[in-house]
Amino acid sequence: MQTMQLDEPLVLETLRQVVDPEIDCNIVDLGLIYGTRIEGRKVTVKMTLTTPGCPMHESIAGGVKNALRSLEAVEEAEVEVVWDPPWNPSMMTDYGRARIGLRS
Amino acid sequence: MVTGMLALLVGVSLLVLRPVMLATYHYNQYVIATTHLFVLGWICTIVMGAMYQLVPVALETKLYSEKLAAWQFAFHLVGFTGMVWMFWTWNMKQVGHFGSVLLVGVGLFVYNIARTLLRVPRWNVIATAVASALVWLSLAVSVGLTLAVGKCSYEAASGPASGGPLGVFLHGLKAIAAFTARFDQIGAMHAHAHLGVVGVFIMLIVGISYKLVPMFTLSDIQSSRRARASVTLLNAGLLGVFVAILLRHPLKFAFALLVVAGLACYGLEIVAILRARKRRSLDWGLKSFLTAISLLAPLSILALVLSWPGLPLTTLTGRLENVYGFLGLAGVVSFAIMGMFYKIIPFLVWYGSYSTQIGLRKVPSLADLYSPALQAAGYWTYLAGLAATTLAILLGNAAAVAGACVLLALSLVTLALNVAKILSHLVRPRMEPFNLRPALGGNS
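Chains L and W are the protein sequences, given in the same order. First residue of the first sequence? That's 3 in this note's numbering, and the numbers climb one at a time after it. First residue of the second sequence? That's 928 in this note's numbering, and the numbers climb one at a time after it.
One chain only, chain W, in its complex shape:
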């Protein structure tokens, strides 16, 4: 969590200091480095950590191995920090090396969660979504690494080291590089990005929602069929979108429609779950999460516009692509994660400080661990920051991007303050003795 938040802080600071990154076309080393900082450093770190907690809860089982999770984190940390640094200096050979370290971590993660899935007592749509995300994650990282291989030269393959196993390996890499050179590089990058963002993050948001939204609102899934359809359509559409983007095929629009249909099923199901909920009030954490997923609607429209066959690459198109990437990562995924932060972190801290004291002393509830006023301030500031940054990107105005990103940074300050407040319960738990026996029919 600390690693993820630090990566987010550095990422937003970079946007404030170098706002031109969001005001120009995104195919350059700084944008790619910063995007990987957000995606791997912030989102992946948090998502992987959260999955070790949430998958066992959502699927009523136990994590296969905590030791593997610790090893994975070490590989992940070395891999992503090295990758971001090397992207920034555009040293693709080293990106490949650090990417390989990251791949080892991803392999451990996929193995650990896959073995956990094998223990699931009742397979359901959530398990299908998690399993799908594992497949897309493996593919996204492999494709990313293949693209890095394609951007390196292999002089050593014809040098003294050309014989033996190393030579065979180098010739293999050279062959991969020749193969990737057949594809349009920007298209390949976009295809890789969709595998990661839609295949992994959106898929996990969809799957985990089907457990968490009913759990927190006291509701139930209203149509299992619709929930299954959302995951199936997402999977089918994404496979098509990946191939179509890679080949610059006009069928991209049709496959994008499939993805949007999947998201529409998801949206309808979430609305139905919320309508059937018994708990009237929604806390700010849940509001952030629901606001984040509602941003999928404008994002879907943008996706259809950008996948229109023969759309010319103009300045406006480039800006719309920037908005698309920004809203996807900072809007949907990051906002959803921040919402869930207010569910997961208080629980972990509460569990560490109070779980053994329940029934013995009066312990705080999860909502008592943080300030709702600060949370509300963070919500509105972040929402304003998203809107302002989107507008600034559309205008292509770097100064406006910097100003808008300050709003996002302010929102992160409120989040950091609340997280510090929550963590303080680890150091100084607040408990009271039960004064008197509680009256019948009353809460203690």
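For reference, chain L alone in the conformation it holds in the complex:
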């Protein structure tokens, strides 16, 4: 359990524990996180997946909740999966691109 101040950097850092097993890159550097909202001890994550109908949908969304709940400061975690705007590789960080050998 972590005893750190609950803010966006901590949430994003925590979400780096969630890795897309097909692409082998964490969801933050993959650019799947569209936003986070912190209200007291509740964290809501707005995110997408690389493709609609992704078979990893439930696993990754569940992983986000698991990771956030591992923080002591979090009591409730919610995940909102959206498809607009659709994900594209330009949303990845430089680290993410390098990780999966992406074409620029």
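Treat the hints loosely; a few may be bogus.
[Claimed, not checked] Simulated crosslink set (BS3-like; lysine-lysine; CA at most 27 Å straight-line):
no., chain 1, residue 1, chain 2, residue 2
1, L, Lys-44, W, Lys-1214
2, W, Lys-1214, L, Lys-48
3, L, Lys-67, W, Lys-1289
4, W, Lys-989, W, Lys-1020
5, L, Lys-67, W, Lys-1270
6, W, Lys-1348, W, Lys-1214
7, W, Lys-1205, L, Lys-48
8, L, Lys-48, W, Lys-989
9, L, Lys-67, W, Lys-989
In case anyone wonders, no lab produced these hints; they're calculated from the structure.
With the hints as your guide, set chain W onto chain L.
Just chain W, lined up with the frame of chain L:
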């Protein structure tokens, strides 16, 4: 999956032990039995199982009924094993009985997937391809069963059982047998085979590619129009090819051209998707799949040669027909399935062992579940086996066929070892705790 792999293992073993099957003309009971073992036991079992997984993913919906899928598997298992055995002993009456059991399973499969298609939120080219494959599958199995009916005699139709509903049924079968006798039997067999291989397997490969290739390479369909054209041309061409082969009509070549045009559109679209991909490296699973579909090019040329009007049936023609069937089933379809094995099996095992642990512990990625070195060895051995078997068939040399099939068998051993390695994660999952909080900008 286990059933399919066992059927493949038995099939390849039969080729090693009886290589003469590929070195002689293919219209005999052993070749027909072994072909049905490959087609129904290996390919259909895997394809149907995969469709229950892939169709909902590709079309963003849920499978209509898992219970129906379980029942279908039972009918399929009894139907195909009985059929293969009875083909081997050439007991066509029993082939008809077991074929009827298989037909019930196919009916359940078609109903289940059709109901799943009805739930599709947005109809697209993938749904069209899957729906087309269902139609061709129904037709292929029905035509196959009709051919089996045509090879039986119906003495009982004029015996004591000739009255009542059973009598009507027997007279119906006798009428069907008389009708099928009008057609050339080898032509009818070839027409039936094309419905199954092109209509079902190639059509599904085409349709599913349009979802999986962009998904795995981080790309998009580049021309929906071209993708739709590929499926439309395949459907139109196949309908014509079926009728033309059945009637031995010279228009067979023109319709074969339509099928080839459909495959050309498909090939162009896949090349465009790959050119636009963002993910540079292609894993061995995808390489196997792409190699398999690239074999459609030589196969198309062979198809045009073999459909040339008035082509005489010489020894060489017979060998080319054997190569055509072998490359179609073992080359395109089986190689594509093996490639997709490395996508589907790791996912299913990963899902069973790790999906609830993601975010809590460090879990392996899908690629960590198997050995890429073994996969690469399997790829090259299989490719060498395909080339060597093709050459051996062309030479009509049974000993060379046996030797070449040993290469294919070796490749299957590498696949089996990797599958065992993947399945071991079900028994002994490998997870690690997160040591330290990962650094910003780094992967955990």
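Each hint tested on the structure:
no.: 1; hint: L:Lys-44 / W:Lys-1214; verdict: violated, 45 Å
no.: 2; hint: W:Lys-1214 / L:Lys-48; verdict: violated, 35 Å
no.: 3; hint: L:Lys-67 / W:Lys-1289; verdict: holds, 15 Å
no.: 4; hint: W:Lys-989 / W:Lys-1020; verdict: violated, 39 Å
no.: 5; hint: L:Lys-67 / W:Lys-1270; verdict: holds, 26 Å
no.: 6; hint: W:Lys-1348 / W:Lys-1214; verdict: holds, 20 Å
no.: 7; hint: W:Lys-1205 / L:Lys-48; verdict: holds, 24 Å
no.: 8; hint: L:Lys-48 / W:Lys-989; verdict: holds, 24 Å
no.: 9; hint: L:Lys-67 / W:Lys-989; verdict: holds, 24 Å
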